[in-house]
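Participant: Each chain, written out:
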Amino acid sequence: AQSVTQLDSQVPVFEEAPVELRCNYSSSVSVYLFWYVQYPNQGLQLLLKYLSGSTLVKGINGFEAEFNKSQTSFHLRKPSVHISDTAEYFCAVYNQGAQKLVFGQGTRLTINP
Amino acid sequence: DTGVSQNPRHKITKRGQNVTFRCDPISEHNRLYWYRQTLGQGPEFLTYFQNEAQLEKSRLLSDRFSAERPKGSFSTLEIQRTEQGDSAMYLCASSLQGGNTGELFFGEGSRLTVL
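Protein chains in written order, with my numbering: chain H, 1 to 113; chain Y, 1001 to 1115.
Among these hints, one or two may not hold up.
[Stated by the list, open to error] Here are a few chain H residues that face chain Y, going by a calculated C-beta distance under 10 Å:
1. Q96
2. L101
3. R108
Don't read these hints as lab results, they were simulated from the structure. Where a beta carbon is used, it is the ideal one built from N, C-alpha and C, also for glycine.
Use the sequences and the hints to build the structure in full.
Facilitator: Listed below in structure tokens is the structure:
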């Protein structure tokens, strides 16, 4: 069975500071990895995805993530955050056998001015 | 905009009542998923359809829950005899089976409050 662990439930940072949201997954087969963002009272929006190829993936809003197979991690980073990045961020894993996305419990990113 | 549409967006009901949520996926998407999200948690898989066939149901989906996708287009999720523990955001998502990369497109969700 697959699982996703987001190591921090809340991350407070100051505006324009860098941020890293951590994600580890477990799976015995090849996986596809995703980060979604959820703004208050809204659905989930795709930030970026890793399917294959380069392990550094760039997404929307200046976010990027690095796939590390040996550490089974897919950490999300942004070099300089803005107030508008305040949201809940979810890491998710998909494999073709399970045919569904499994989500982590989420990380709440709070940006302080 | 031809994204995933869900309604109602909010539903407040009394314990014991039945509720139904509707999801209209992106038109060319043949897969449709339902997830449940409680406060402070990530979305949890409930069930999914490929066209009109319901291919998998989670153990979270008790006998009081039923989902349908009668013509392979829109889907409904009905909860009978609601309980306070059913209070949650119900998310619908759709995807293309042919692509099979796992990328799901989500609707805005239907928030259920059971009093």
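Participant: Checking against the hints above, which ones are violated?
Facilitator: Going through the list in order, the structure violates no hint and respects every one.
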